[in-house]
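S.K.: Generate the whole structure from the sequences, applying the supplied hints.
Top to bottom, those sequences are chains W and F. In short: position in the first sequence from 1, add 1, done, that's the working numbering. In short: position in the second sequence from 1, add 1, done, that's the working numbering.
There may be inaccurate statements among the hints.
Since the list gives no way to pick out one identical chain from another, each pair is judged satisfied if it fits inside one copy or across any two copies.
[Said to hold, decoys possible] The calculated BS3-like cross-link candidates involving lysine-lysine, where the alpha carbons are at most 25 Å apart (straight line), are:
| # | residue 1 | residue 2 |
| --- | --- | --- |
| 1 | K85 | K247 |
| 2 | K77 | K247 |
| 3 | K263 | K111 |
| 4 | K349 | K85 |
| 5 | K349 | K111 |
| 6 | K247 | K154 |
| 7 | K253 | K77 |
| 8 | K154 | K263 |
| 9 | K225 | K263 |
| 10 | K225 | K161 |
| 11 | K390 | K48 |
| 12 | K161 | K390 |
| 13 | K154 | K253 |
Don't read these hints as lab results, they were simulated from the structure.
Number of protein chains: 2
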Amino acid sequence: MKLPIVQSYAGFAMALAIAFMTVHTKATTTDLINEQQKANAQALMEKALKSDLAYEIVESLTTEIGPRLAGSEAEKRARDWGVKLGKELGFDRVSVEEFTMPYWVRGELKVALSAPYAQELYATALGGSGASTNNIDAPIVYFRNLDEIAYVKSGDLAGKVAFIDGDLMVPSQTGAGYGPSNQKRRVGWQHAERGGALALMIRSVGSNSQRFPHTGMMSALEDKWASIPVVALSNPDADQLRRLYKLGEPLKVSIASTAQWKGDVSSGNVILDLIGSERPEEIVLIAGHLDSWDEATGALDDGAGIGITVAAAKLIAELPTRPKRTIRVVMFGAEEVGLLGAFAYAKKHADNLHNHVLATESDFGARTIWRLVSNVNPDANATIDAIGKILEPLGIVRGGSDVPGGGPDIIPMARAGVPTIRLEQNGMDYFDYHHTPDDTLDKIIPEELKQNVAAYAVTAYLAADATADFRPEAKTRSEED
Amino acid sequence: MKLPIVQSYAGFAMALAIAFMTVHTKATTTDLINEQQKANAQALMEKALKSDLAYEIVESLTTEIGPRLAGSEAEKRARDWGVKLGKELGFDRVSVEEFTMPYWVRGELKVALSAPYAQELYATALGGSGASTNNIDAPIVYFRNLDEIAYVKSGDLAGKVAFIDGDLMVPSQTGAGYGPSNQKRRVGWQHAERGGALALMIRSVGSNSQRFPHTGMMSALEDKWASIPVVALSNPDADQLRRLYKLGEPLKVSIASTAQWKGDVSSGNVILDLIGSERPEEIVLIAGHLDSWDEATGALDDGAGIGITVAAAKLIAELPTRPKRTIRVVMFGAEEVGLLGAFAYAKKHADNLHNHVLATESDFGARTIWRLVSNVNPDANATIDAIGKILEPLGIVRGGSDVPGGGPDIIPMARAGVPTIRLEQNGMDYFDYHHTPDDTLDKIIPEELKQNVAAYAVTAYLAADATADFRPEAKTRSEED
Ligand SMILES: [Zn+2]
Ligand SMILES: [Zn+2]
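M.R.: Have a look at this one:
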């Protein structure tokens, strides 16, 4: 059955209405998870908290493959590594689904203050940035924030380099400060180009006060990417520019960048399945992404997600019997450059998305999980609540049952109506490392990673073995059975 | 009077012997610091804890001058800045003492793993490093630590690049882990060159797990510097190499460096005096150094020392009367490249070092001071103890009275017998930033900097106004009076 977006939303709204009538009786039932399932969950938790497997997986990926830019030869090696890993760990089915994507490379970048004195500025090209056709050495025009540059008119910035300052991102457990801080990275270039600027510099989006700027993809505008160099300056360098600007110094900057688009290349998703024992066609999908930015080995983003989900599934595979539903681990390709693997997956599996009972991605680092949120058929909220109860000893609280999104790569599926949950990692320091050269293995705390595996293993197992159906159309479908 | 080293040590030993007899009676006197001095100290402390002056000075130096490599045009601008600042703040005498020094520049450096796969390694040239004559692309020979490479024989490393690993420096309040960790930076190159290596890489000396390697000067061997490139790898990169080595992977690295010596140039010390009201020829010297490494703006090392000492002296200058002795603030040049300013000062003032009653330098960052140590004429220990008592409300404890050294730039003076004290900053995170691109203004905590100024102001004022004489030959001299 195809599951068009409109229909699924309608189904969701109907289910929600029913939920208001039924939730109180449902929530009090205690047999949503039976004794055998509880015992298995307990065993998984205990085993996970002693297992080094997730760490070994991240260590292997980051050490033996290294940085894994979407579309690169290294990402291809990572797929081969993923296939080999899946087979070695005894998954029932291991496959690769390739897709084509446009390939952007960073090239070389040099940014330096040239007036009032010479000083190297620590900068990184944003994904999709253009090259400098001639080396740039030009006055800087300072903008306090993205709002300020939005007023720029055509030609206002001719012969100049724009700099968009802004406030240091506020760190928090949820990472809520990232979205607002990130806007200047996404669309700043559109204003700079309209103004005729030679290049754009922005204050780094991250929360760190190290001199590592935060990279990340820009947003295309009607399929058009920036033609000028667009770079992020580390926060201490942005502070320095701000102070110099406030002193009234005339500022000049030189920029040389060889960033470029290299045409179409292959990427792919790696899929590892544990086939369900009773309803193999129904899928509980847990995911991470295989690609990383090129400046680091992507231990937190998203080697950790790969390690956590693969290790969780492997622990489930060691149970005496497979859970009723299929557990699918997806190692998405090309997440960083626009969720390309996720869109490819949703497209390829469009006819089967209605069989995706639940989906989630671990893509927020490796600190302890503190909250479980969900967006499933309200009839099944009681089962998610019951899972939440079992997770409590891990220090995890039950959050909202109306929180859409299960991670970046789940977005295309969720748009098509696939139910989602999310096990939220503590993001307090995530944006100190995320998308910087500093996202390396040493940033993972092995004991905290184990807690992640425990939570994923328990959750995936119970969701796959539960009687409840999480899908919006579950009511209708069970009536059809 | 000239103060040759042998004589001063003899005098010191004699004074020490006398101290054993007299210390108990001396220590109980309470009039070592009189009521007026106590009131002035209290006023200085209160004023310092409210003053932004030190921060403003560091901000000005790091923002308006930027990085200040020893011997560079930027260091010259820093001297001009220091002179202007001294005059603006109303010091009684402002002077510059120039000296000649050999000038080393870092140039450009690219280090990348070339097998088993390509990955950029975050590296920095060590001070005194040679250039790569041809670009290097060669196998890596792994050494667990400095001890291991010490066994290398002539020709053992021909055509290879040596890598000296080692343990991550242990951070501590005192910074005690730095010396041992630093040995491989100092002398590692001598073993690599003996073995005929094309280049040497060492694990970064610092305690940070950011991908910023720690730079710093190597030690010359009989006036000879390294002829090969010698670079430090950031700790995460060194971790990566270690893991790959343990996997048994054949490792290759490419290195291109344009580091070079550029011949003799000028540097200089800036001297700001508050002339003493009763014994102007006697000097209490407080210092910082004006130069910084070139990769950062040197806020902690040693913009902070400049800010703290200048602000402390300025607060003392605002008292109704000058203290009895001269307070001299020295902004040393070329500290990082071998204490060149300090040696030049000791040489130029050799005939007057006997008038240096006490000397100290702030060159250990800007975290709160937690301990006062000293090495003065034991007869004067009671006065240092009394100063320590007055510093107690700042959270400062009295440490040893037999701790030589008053900071790096004080070494040449101390060798010539000048008494020293040191106000020790908490160094727990100092080597996370020290000698890395990350030594920037944002690392300074303004409130902690104020505590430093309070401690320096009180100590310098009381030492300059005290009756006690801290010099080893004080006993003899007072008998001569
Ligand atoms: Zn990610
Ligand atoms: Zn220093």
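S.K.: Would you mind marking each hint as holding or not holding in the structure?
M.R.: Comparing the hints with the structure gives:
1. K85 to K247: Between. Shortest inter-copy distance 21 Å satisfies the 25 Å Cα cut-off; intra-copy 56 Å does not.
2. K77 to K247: Answer is between: at 24 Å across copies they meet the 25 Å cutoff, but 48 Å inside does not.
3. K263 to K111: both (21 Å within a copy, 24 Å between copies)
4. K349 to K85: Within one copy, since 23 Å is at most 25 Å while 70 Å is not.
5. K349 to K111: Close neither inside one copy (41 Å) nor across copies (43 Å); limit 25 Å.
6. K247 to K154: Cα proximity of K247 and K154: one copy only (24 Å, versus 58 Å across).
7. K253 to K77: between (41 Å within a copy, 21 Å between copies)
8. K154 to K263: neither (32 Å within a copy, 48 Å between copies)
9. K225 to K263: within (15 Å within a copy, 48 Å between copies)
10. K225 to K161: within (22 Å within a copy, 47 Å between copies)
11. K390 to K48: within (19 Å within a copy, 57 Å between copies)
12. K161 to K390: neither (58 Å within a copy, 59 Å between copies)
13. K154 to K253: within (22 Å within a copy, 52 Å between copies)
The structure is inconsistent with the numbered hints 5, 8, 12, although it conforms to all the rest.
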